[in-house]
Amino acid sequence: MPDNWGYVLAAYGVAVVVLTAYWRSLVRRDRALSALGDRRARPAGTGQRQAAAPADRRPGPGARSRTT
Amino acid sequence: MSYARRAWIVLWKDLVTERRSREALNALLFFSLLLLFVFQFALGDRERLLAVLPGLLWLGFVLSGLVGLGRAFLAERENDCWEGLVLAPGDKSAIYLGKLAGNLLLMLVVEAMLIALFTVFFGVELGGALGPLAVVLALGTLGFAAVGTLFAAMTSQVRARELLFPVLLLPVQVPVLLGAVKATEAVLAGEPLAGVAHWLKLLAAADVVYVTVGVLTFEVLLEP
Amino acid sequence: MTVPTRVLGWLATLGLAAGLVVAFGVAPREVTQGNVQRIMYVHVPAVWVAYLAFTVVFAASVAHLWTRSPAADRVAAASTEVGVVFLGINIVTGSIWGKPTWGTWWTWDARLTSVTVVFLMYLGYLMLRRMTDDPERGARYAAVLGTLAAPSIYLVHTSVYWWRTLHQPPSLLKAGSATMPAVFWMAILVNFAALGLLAAYFVLRRMDLLRREQEALA
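Residue numbers (the working numbering), protein chains in the order written: chain A, 1 to 68; chain B, 1001 to 1224; chain C, 2001 to 2218.
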């Protein structure tokens, strides 16, 4: 009976591809969550700079006119 | 108020609502008639139809069931009565049994109608098979309605409920479908029920499992 | 990722390497089927791992219904996902094995059919979780489904087996009969251990991700 190595390769290939894809999705979510965690943690470290930012964003005198 | 009485009240409410509007029943009977025509157009040949009659019957029952059961909690949801169910005092599984009884009755009526239509339109002869057929119908429909009622409650609060309901229901119904079709095959061929005792036992076991899980977990579904 | 999880990951990698060595280097070429039989070393362990995972789902679902523990819910969710992945691998490798062996990509063989129905059942579970907006309600609903699904596995396998084998001639070549020589069993068991370690690693990482996702939303 012919050995059909092509099929063996296909089967193991499918298993490898699926398991690798799943593992990579886990790693990707892990990184996304870590990045999210870092972004949220950052303001605590540079609080003063961040607190000043909204003030900077407020339009200065004459910077933007408002319709009344 | 006793448990049985609570279940009865739920059943009674659904029956009375249905009797007044006849909405579901009429639509489902009409649907059965349409199904018959669809089967005829899809399968054409009378010989071919009769050869697959058991499967075709249960296909019709399942399709009607999906349509009919999917809306089991529609009235409560549309009329903002869901909270009424949630706030009802006492053991909520009584509501499940009441709903189950109502759905079971509805499906049995539709099934009887479909069988009658098959008899008329395709010249099917049932004769002595009616009794055993009724047994198979009862066991199979109970299994279907038990899970259907539970899943109808589950999906009523979920996105894409019309899609999710059949997707969840059908795989779980495979044992019931197989058992019911096999038993119906035997019954329509004139064989005694004892010949398919193993299938009937499987159906009964499935019914017990489904109703038990339903009774035990329905309350969980009703929490806000 | 905790240290135990990391260790588990490395153990799984070692196990997978060992499994491949055993599957291709140690196990001999099978007499009737030829080397195609080596697919069994991933096909059979995969379904064992998947069903083990679904048993865990059942236990975790019941636990969640009993205690409303979020941890139990995470166990159920993660195990279902991993179980579905491995079961999918089982089905596809089974189909690939079937083509040269039986001549077709699919037969309504009892085992293949039952496993696919179970696969569809748990796929529905994942859909339910995805489509429930309220996470706490989603956990409850999923727990109900997870409780119902487990006895259903048994009912599905029994009914499909009867459907296929009663009043019908004995079916075709079995995927792996009980009378296999010891070395074949050893190869399957080694790969089962390897895939099992991998599955456990996946479940733990997934649970960790779920916990952090829930915390992020809180």
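If you are wondering where the hints come from, they were derived from the structure by calculation, not from laboratory data.
A hint or two may mislead.
Computed Cβ-Cβ distance ranges for the label pairs, DEER-style [what the hints assert, rightly or not]:
#	chain 1	residue 1	chain 2	residue 2	range
1	C	2180	B	1126	27 to 37 Å
2	C	2213	B	1079	27 to 37 Å
3	C	2105	A	25	56 to 66 Å
4	B	1016	C	2126	22 to 32 Å
5	B	1160	C	2026	44 to 54 Å
6	B	1162	A	16	32 to 42 Å
7	C	2136	B	1127	28 to 38 Å
In silico negatives: residues of chain B with every beta carbon more than 12 Å from chain C [what the hints assert, rightly or not]:
#	residue
8	1012
9	1037
10	1101
11	1172
12	1208
It should be emphasised that the depicted structure is a prediction, and the values quoted were computed from it without experimental measurement.
By construction, the Cβ of each residue, glycine as well, lies at the ideal position given by its N, Cα and C atoms.
Hints violated by the structure (numbers, ascending): 1, 3, 4, 7, 11, 12
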